[in-house]
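> Take a look at the letters that make up each chain.
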Amino acid sequence: MRNKSEITHLLKKARCDSGQAMEKLFPLIYDELKKIAHSKLKKERNDITFTETALVHEVYMKMIDQTKIEVQDKNHFMAISARCMRQILIDHARKKKAEKRGGDQQDVTYIDELLKIRHEAEELLGLDEKLKELANFDERMAEVVTLRFFGQMTVTATADALNVSEKTVKRDWAKARGWLYKEIKK
Amino acid sequence: MEKRQWERVNRIVDTALDLDREKRATYINNECEDEALRKKVIELLDSIEQSETEQFLEGPQAYPHNLARDLSDSNQLRDSSTMIGKAVGRYEITELIGHGGMGSVFKAKRADGSYKRQVAIKILRRGMDTPSNIARFKRERNILANLDHPNIAQMLDGGLTNQGLPYLVMEYIDGVPLLSYCDRNQLSISKRLELFEDICKAVNHAHQNAIIHRDLKPSNIFVTGTADIKVLDFGIAKLVNPSQNEDIFKTRTGARMLTLGYAAPEQLESQAITTATDAYVLGILLYELLAGQHPFRLENKGLTEIEEIIRNISPERPSQRFKELASKQQDDISSNRFTKPSALQKMLTGDLDAIAMKALRKEQNQRYSSVKQLLEDLARRKSNLPVLARNDSTRYNVSKFFKRHSTGLTVAAGFLAILISFITFYTIQISEERHQAELEAQRAEAVTGFLTDLIQSNYPENAQGDTITVRQFLDRGYQKVQNLEQNPLVKAEIMKVIGHTYRTLGQTEKAQTMVADALNLLEHNQVLPVERANTYNTAGLISRDLGQTEQAAFYLQNAVSYFEKANQTETSAYAKALRDLANVEKQIGDFQKATEHITKAIAIDEALNGPKSTELAESYYVYASILRNQQKYPKALEFQNKSLSILEQNIEGPHPGKSANLNNLAILYERIDDNQKAITSYRKAYQINTDLYGKKHFRVTNNATNIAKLFTKIGQLDSALTYNNYALETGQDILSAGHPLMIRIIHNHARIFYQKANYTKSDSLHAKAIEVANKSKNNDAPNRGNVYVSWAKNALQQQRPNSALRYYNKSFQSRKKNFGLADSLTQGVLKELIELSQQTGHSGEADSLSQYLKKR
Chain A
0 MRNKSEITHL LKKARCDSGQ AMEKLFPLIY DELKKIAHSK LKKERNDITF
50 TETALVHEVY MKMIDQTKIE VQDKNHFMAI SARCMRQILI DHARKKKAEK
100 RGGDQQDVTY IDELLKIRHE AEELLGLDEK LKELANFDER MAEVVTLRFF
150 GQMTVTATAD ALNVSEKTVK RDWAKARGWL YKEIKK
Chain V
0 MEKRQWERVN RIVDTALDLD REKRATYINN ECEDEALRKK VIELLDSIEQ
50 SETEQFLEGP QAYPHNLARD LSDSNQLRDS STMIGKAVGR YEITELIGHG
100 GMGSVFKAKR ADGSYKRQVA IKILRRGMDT PSNIARFKRE RNILANLDHP
150 NIAQMLDGGL TNQGLPYLVM EYIDGVPLLS YCDRNQLSIS KRLELFEDIC
200 KAVNHAHQNA IIHRDLKPSN IFVTGTADIK VLDFGIAKLV NPSQNEDIFK
250 TRTGARMLTL GYAAPEQLES QAITTATDAY VLGILLYELL AGQHPFRLEN
300 KGLTEIEEII RNISPERPSQ RFKELASKQQ DDISSNRFTK PSALQKMLTG
350 DLDAIAMKAL RKEQNQRYSS VKQLLEDLAR RKSNLPVLAR NDSTRYNVSK
400 FFKRHSTGLT VAAGFLAILI SFITFYTIQI SEERHQAELE AQRAEAVTGF
450 LTDLIQSNYP ENAQGDTITV RQFLDRGYQK VQNLEQNPLV KAEIMKVIGH
500 TYRTLGQTEK AQTMVADALN LLEHNQVLPV ERANTYNTAG LISRDLGQTE
550 QAAFYLQNAV SYFEKANQTE TSAYAKALRD LANVEKQIGD FQKATEHITK
600 AIAIDEALNG PKSTELAESY YVYASILRNQ QKYPKALEFQ NKSLSILEQN
650 IEGPHPGKSA NLNNLAILYE RIDDNQKAIT SYRKAYQINT DLYGKKHFRV
700 TNNATNIAKL FTKIGQLDSA LTYNNYALET GQDILSAGHP LMIRIIHNHA
750 RIFYQKANYT KSDSLHAKAI EVANKSKNND APNRGNVYVS WAKNALQQQR
800 PNSALRYYNK SFQSRKKNFG LADSLTQGVL KELIELSQQT GHSGEADSLS
850 QYLKKR
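If you're matching them up, the sequences are chains A and V in order.
According to numbering that gives the first Met the number 0, the stretch in the first sequence is residues 0 to 185, in order.
According to numbering that gives the first Met the number 0, the stretch in the second sequence is residues 0 to 855, in order.
A portion of the hints provided could be inaccurate.
[To be verified] In silico DMTMM-like pairs for lysine to aspartate or glutamate, Cα to Cα no more than 20 Å straight-line:
{"#": "1", "chain 1": "A", "residue 1": "LYS181", "chain 2": "V", "residue 2": "GLU42"}
{"#": "2", "chain 1": "A", "residue 1": "LYS166", "chain 2": "V", "residue 2": "GLU57"}
{"#": "3", "chain 1": "A", "residue 1": "LYS11", "chain 2": "A", "residue 2": "GLU31"}
{"#": "4", "chain 1": "V", "residue 1": "LYS38", "chain 2": "A", "residue 2": "GLU182"}
{"#": "5", "chain 1": "A", "residue 1": "LYS184", "chain 2": "V", "residue 2": "ASP331"}
{"#": "6", "chain 1": "A", "residue 1": "LYS169", "chain 2": "V", "residue 2": "GLU57"}
{"#": "7", "chain 1": "V", "residue 1": "LYS200", "chain 2": "V", "residue 2": "ASP227"}
{"#": "8", "chain 1": "A", "residue 1": "LYS166", "chain 2": "V", "residue 2": "GLU51"}
{"#": "9", "chain 1": "V", "residue 1": "LYS39", "chain 2": "A", "residue 2": "ASP137"}
{"#": "10", "chain 1": "V", "residue 1": "LYS39", "chain 2": "A", "residue 2": "GLU132"}
[Claimed, not checked] For the chain V half of the interface with chain A, some residues (derived, Cβ under 10 Å), not all of them:
{"#": "11", "residue": "ARG3"}
{"#": "12", "residue": "TRP5"}
{"#": "13", "residue": "GLU53"}
{"#": "14", "residue": "PHE55"}
[Claimed, not checked] Label pairs and their in silico Cβ distance ranges:
{"#": "15", "chain 1": "V", "residue 1": "GLN319", "chain 2": "A", "residue 2": "GLU69", "range": "57 to 63 Å"}
{"#": "16", "chain 1": "V", "residue 1": "GLN4", "chain 2": "A", "residue 2": "GLU122", "range": "25 to 31 Å"}
{"#": "17", "chain 1": "A", "residue 1": "ASP64", "chain 2": "V", "residue 2": "ARG89", "range": "53 to 59 Å"}
Just so you know, these hints were derived from the structure itself, not from any lab.
Beta carbons: idealized from backbone N, C-alpha and C, even for Gly.
This is chain V alone, in the form it adopts within the complex:
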């Protein structure tokens, strides 16, 4: 500002300060003819007010006390300056670099000139008073001298001065302390992490040589002019302090000397110092590099308080710590990281938070067990693989998976629709016969939910553009994982995740390949039996979905055995494996084994989770369906009701488990011809599903179809028509062309009109049902057999025996293929076909068909 302008501003502000607010505004407007001046005046007035509120430059906090105190340190330099020019060993001291509690550090050169490079000599204050101490000092010094790593300041020499003071000769490092270097050069987070990894590598190298640093802190880490990391003073803390735990804390005056901000909890408790101690301090360093803040709030705290914090208070996640800073500070910190506050916070959230927090755990056994492990986790993060530090949740794993394949990925709006249709398709397949799969479907919905989140949070700007399907998405991952050079366990884990996702999306074959590969990897590696057991369980469910029941039973049997091997028989996971196994055995028809396994599962669920747990309800559910398949209807009803009542007592409101139970209950009532109860149960299931999913949902449509079918069966044709019309309407909106349920609905419609004796209408509806079945991917859809049979009957009512003959024949071919010749319904159709052939004068055909008849 020019002096002239300042004088004008000053004069106006002066007067303005004497006026009250209202008058002030008017005054300023009158005085300031140009806008620039007015702005200056208002700006200054505002600043005056703000500076007063903040007490800027006032109070003891504002005064640079620390700086004033630090003066005393520099004063000591004078005392040491007498050393300059003196010889220590083969070196001549040229300059004082600094000094501290341990002694003073000088710059020196070789006195004989044989070694041109400059060195740093540290002369220790403490005398080596006993021969054993001196011997120890020499021994340690030799160990340190053997520590050779590009990122560790090399120890060159050492000995005792003429006065008997020990000294160490080290590589002279001309550099900048780590944190200043990073800020000064505005290093991004990824650049900082690169430097951090170099530090870790140096520390890890030392650890492999059985040397612990013990005093890692930013002031011991430098970055040279060539941007290389140099870690100083390796192992010196121990070398200087013979009794390792005690003396390190104390200066001669008794004050704690250790830089408390960089002390691990065990160092304060005089516990053994291990490599985990260094790993902890690296965590602090990482934290500061990332968030620009020390993990603990130690400002203005007394020693006792600081110790308490280090021992007992868990730090906040770096992203959280950063979030809580004033915006000015956030701006500074993020601009030093060459980014914006919001971006920085986002970057820290997740893996980096988790890694820093794991490194900073108070308990040694909860931390990274080694610096190597920390390095590995950082590497995993870089390649977007799941990090150890984060819990092994599916959501996390899959989110990692999607991130990994985010390159070049744009997501179309259609993406979600496709995804959801996959899941719906999957649900349909399983709920045809296996209602226990309701719970799996729930998981499928959870997947949809988080995929939606994921896509919205990651690609807001890419909301439209190229369409990429989940299939392509996964296929890319599928190929990538084959070539992945990784820890086989990680690879197996990814395969499991991909497999799981494929399964959830109904891509069961691919799921199977993936999980089989994962199993193969696990079998060839030393893996905990539990890991294997879990993967076998997944493999079992995949095989079941594929209809490979024998294979499924084999996998699930393995899962069960591995849990037993691991002594994990008192776990819910074991009970689940038993339950899944029992269910598959039921499908195979091995009811004895199925009963044995489900009884075991029930016992565990009862013992572990109590008589009212949902786990137990699930086991009862499976048991009920085993009993139903054995045609033990009364007992099946008992357990079906037990399962339902647990859920009704435990869970308020609509729940998929309740509707699944009600649905099966209805089937049971139908079997014992209690049609009224069957209808009541179906209706309840229908209501619950409507509440859960809304009217236009597959399950609701499916329920409506079942109700319509039952009404048709008992001859309440108007009610049947109402429900079936409803199913037809919603089905047209939500079902894909050729969907099996659509075939069932139209077929049901045809039967209603058949019963109403409207054969013409029924005929065209049958034709429609077959037309839909022809659109099906699987044009040998098992339903076709049923449609043709009733179409044939309708044709007979229309006096069209030749058409009926053709339909019976088609039905027989379809049933033969899908259910085999031994099936009783197939045989039934065959008999009708032979009879009609004979009646219509096709005895030749009838004879040749007879060969298929089952011999009594």
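Just chain A, same shape as in the assembly:
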């Protein structure tokens, strides 16, 4: 992993030019998040208080130099993490869905949990598809959903990260959610 200041620099840069710095930052956070997720989850499988937000925070603490950063940078980092989280989960869900030969890898888990995973995988892939569709005609709305849902970010943090008003976030969230609901549930 690159050192903290390097990443912090990239993060600050990414806020201004959303192109190159972002491209570099995304895989870094993705890897770190996945790595921590694994070790974390493995240790705390039975800990029901575990949350994904806590994970992202841990990654954040680990990767970013806290002394050189503003609130907006943090929210920006969280936003990237949310996108990473989305990607990680979707990759995993895809793998789960494609899994053919169950073999024996499952006998340590509770079966109902497994069923839930399968179910969640399918639901999540469905959501991802629709989210992509939504992004085609309203990118910001899709972003709001990614941050709010996958990053479990607050309205304020989301507004900050996307540089829009809280009212817009609320409105976007309501409309996007309504649209997704209509597409998925009906």
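Given the coordinates of chain A, work out where chain V should sit on it, guided by the hints.
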């Protein structure tokens, strides 16, 4: 949606969201020039509202936590990837398939290339630390390797790796887990059941080789590309865990490792694991295949709670579980079964519910004792035979019977009318002399009731069409059962049911054949004496209905003996057999035995059901009629009254037992010439029956006839005429042509006019009575003898001796045939005939008739 349209919808929705409801509607109507746009806007607004109410995508439930957690499992794959390319025994590992608590599974091939097929190698995590453990592992492995069944993944080999880890080589299965396979291919319930049967057969095969799976669960059952079932990991749970009960639950970290959702109660209680354990888990599997739901609600429950549920909470019936789901879920589940929710629910209700529930009983001894039994029940269900899992009620059996013969069956509206007329006919025959049969008649009505239900529920769309009679219905079953290759006991059971139905419908001969066949089957098989006793009891009643009293006595005596053999002498069924026997013995005239048996029945009924039970009332009823036949009228009255008072105290309102007692009471009062009391009792019986059955019912008509007859006897002719007119009116509506009761009514009418000295009218009424009797199926109807006698008397009053002579002669012939020469009334008619012959100058005839006179 196009971006352009979205922008328009988005803009309108945006504004609309800021408006209150009323203004919103107006705004939308103004903004949306075309209907399509308006629809889109409203749809989105509705969805926004709904998604908010449901908190869609919000809260921890919405987040895919399980999926996130599952990430850690896949992470472990990296650690195992070092094995790839390594050799284990004679195999070379090519790929990691997965891993779990027991170890990791790899895809491998034979290193020397001698065996082309791919194999799966399971390398166990746990080391075999002691020589005895290793020996045991090898022994078990050999047993498993001998398990050879097309639906069981074959164990090929096994041994210890260089690191001392045990490994097992198995057939590699390229397939899809069972439940996903079924859903993905939208398999119907019957297709699913076929797969399930294959699973059961595989498990049963293993059980016959003394191998218990111990860890059956959907993830261990695959369906291959050729749609074949493969059950994986047979017996591995035991092989890996030397001390069978303890370790199976625990992972190294101490958490319960067993997939709790698929654990039987005894597994949680560390009790012995038997084949019944596998049978239980198959029940869960069946449940999920059918209802799309796990039988227990284990979501979001802690371990303690889950254990509690598995140990103590009975699952709901699959159909009920399904019924309680949200309609969206119902739609999904049923469409995965290629049907509609209502159809699916209907399909599950009944046998499938019962089978799943029996498999899931908590107590091992209440479950299917073997997987074979479960398979047999499934087979029975398929051929619409009664399943073990359902209680052995007549209603169920007969409903099964009708279902079995539903193919090509359409039911006409006339069907029910025919059916009911059969039952009515039957009732008439028995109530002529044997009023205890009231209770049987009640059963007949119960049959009518459920047949109505059955027909209405099963064939609503076939309510009109070809007419098929119950007779044809049963006849088809009659023939079918002869060729039935089945367990003889099942066959006997069906025969009994068909026999019973025939009897209820008055088809007594056929009933007898059926039940005799059933008895024959039972006699040639090892059957519980109780089973035999019950069938003998039925056979006895059938023979009684046929008038074969000696045969009936023989059967009922057998019923009694078998109950005694089975040590079932303290049961109501035994008391009933005694009661039925006593009743038949009374008919034969063996009053001593009848009294002996009914006394015994009374003692049992008293001890078992107490002094106020309806059973006791029935026994008293029979005892009273035995006493009546012995002409012990005062004692008969005592018991008749006892029987009646029990019923009056126990049962509120009208009841067939009460009217039967009142009717017999009236007969007794008539015998002791207490005519006023007789009339009172008859009237009470008449009232009760009117309340029970309405005015137009056979029994009411019958009561009215009896009252009219008694009034005629005591000379109250106006009252007699009132009741008889009533009987005549209703009788014309409800009785078939030539019905014996109709003959009695018209005959009674004729006698009333005879007493009124209106001989012309009486003459034509007698002629009418004979005309009706000629329409009877049985044109030697015993009643004809009585009609002719009184017709003869009427003719004499009309000074027509030759006609009288002809009528006496007819009466004598009829009585001779029906009641025999020894009968006192026959002799009476004979004497009158001889006398009249002599008076009218036919002494030759008189002489030849004299030979029939009984010698004093």
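> It remains to establish, for every hint, whether it holds in the given structure.
Hints versus structure:
At roughly 8 Å between alpha-carbon atoms, LYS181(A) and GLU42(V) fall within 20 Å of each other, so this suggested pair holds. At most 20 Å may separate the alpha-carbon atoms for a hinted pair to count; LYS166(A) and GLU57(V) meet this at roughly 18 Å. Between LYS11(A) and GLU31(A) the CA atoms are separated by roughly 19 Å; this keeps the pair inside 20 Å, and the hint holds. At roughly 15 Å between alpha-carbon atoms, LYS38(V) and GLU182(A) fall within 20 Å of each other, so this suggested pair holds.
For the hint linking LYS184(A) to ASP331(V), the alpha-carbon distance of about 12 Å falls within 20 Å, and the restraint holds. At most 20 Å may separate the alpha-carbon atoms for a hinted pair to count; LYS169(A) and GLU57(V) meet this at roughly 13 Å. For the hint linking LYS200(V) to ASP227(V), the alpha-carbon distance of about 13 Å falls within 20 Å, and the restraint holds. Annotation: proposed proximity of LYS166(A) to GLU51(V) holds, straight-line Cα distance about 16 Å (limit 20 Å).
For the proposed pair LYS39(V) and ASP137(A), the alpha carbon gap of about 16 Å is at most 20 Å, so the pair holds. With a C-alpha separation of about 17 Å, the suggested pair LYS39(V) and GLU132(A) falls inside the 20 Å cut-off, and the hint holds. Evaluation of the ARG3(V) hint against chain A yields a held restraint, the C-beta minimum of about 9 Å falling below 10 Å. A cut of 10 Å between beta carbons decides the hint on TRP5(V): the least distance to chain A is about 4 Å, and the hint holds.
Because the closest C-beta pair between GLU53(V) and chain A is about 8 Å apart, less than 10 Å, the hint holds. At a threshold of 10 Å, the smallest CB-CB gap from PHE55(V) to chain A is about 5 Å, leaving the interface hint in force. Between GLN319(V) and GLU69(A) the beta carbons are some 59 Å apart, a value that agrees with the proposed interval 57 to 63 Å. Between GLN4(V) and GLU122(A) the C-beta distance comes to about 27 Å, which sits within the given range of 25 to 31 Å.
In this structure the supplied range 53 to 59 Å holds for ASP64(A) paired with ARG89(V), their Cβ-Cβ distance being about 56 Å.
Going down the numbered hints, you'll see the structure goes against none, and every one checks out.
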